[in-house]
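Enquirer: Input sequences plus hints: build the corresponding full structure.
Going line by line, the protein sequences match chains A and B.
Our numbering runs 34 ahead of the 1-based position in the first sequence.
Our numbering runs 81 ahead of the 1-based position in the second sequence.
No false leads were mixed into what you were given.
Ranges between beta-carbon positions, derived for each pair:
1) B/T135 / A/S151: 40 to 50 Å
2) B/E166 / A/V36: 23 to 33 Å
3) A/A43 / B/G160: 34 to 44 Å
4) A/A50 / B/S90: 30 to 40 Å
5) A/S152 / B/T157: 38 to 48 Å
6) B/P88 / A/T105: 30 to 40 Å
7) B/V141 / A/A74: 25 to 35 Å
8) A/Q144 / B/G96: 26 to 36 Å
Since the hints were derived computationally from the structure, they do not count as laboratory data.
Treat the numbers as computed from the prediction; the structure is a model and nothing was measured.
Cβ atoms here follow ideal geometry from the backbone N, Cα and C, with glycine treated the same way.
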Amino acid sequence: QVQMVQSGAEVKNSGASVKVSCRASGYSFTSNYIHWVRQAPGQGLEWMGFVIPRAGSAKYAQKFQDRVTMTRDTSTNTVYMELSSLRSEDTAVYYCARGWGGNSFDPWGQGTLVTVSS
Amino acid sequence: QSALTQPPSASGSPGQSVTISCTGTSSDVGGYNYVSWYQQRPGEAPKLVIYEVTNRPSGVPDRFSGSKSGNTASLTVSGLQAEDEADYYCSSYAGSSNYVFGTGTTVTVL
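Expert: See the structure below:
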């Protein structure tokens, strides 16, 4: 079955960078976009952007344009999301999700908690 | 890009129906038939329950249905069950390869 498996929780200092991985399996890796979505504690979902595994290019939400980089490694079917200049407001669970029919997201990874301490 | 507007909460007794609205603009919900809905139980990742406004993925009960009128999309859960208690989020394509989520609705089964 299709699965998205993410890396483990991270604790970072303010101003540092974090890199979260998401390994896809059960389908052709280059056939679908992979999106990143975050959820701050007790808050809603926020779309961050996506990577196109076939091309290696990415599209970012304007809010994160200056601080995020999304990449992929086709040899391991893994995508990465790196967020720099971390601040306390970046404390959240970060999810990857496969782009699916009708611009939906399915399935989702289990989530990676990133905690930014000042 | 502003978040789509959902009511904070909705509730119903077992067996009843509950409908959740998702209001956007002509640049997102009203402009495309690309509205999807997600169920998120506490401590879990979101799960797709409706895509392309009205379509259910395989394995999602037919108690879940979606619709859209103008700039507002809706999710209806019929025959409420205890397992339907969760947060629900809508999402819409917003043009130029952008996406936006709703503010989220907590559904309580009384």
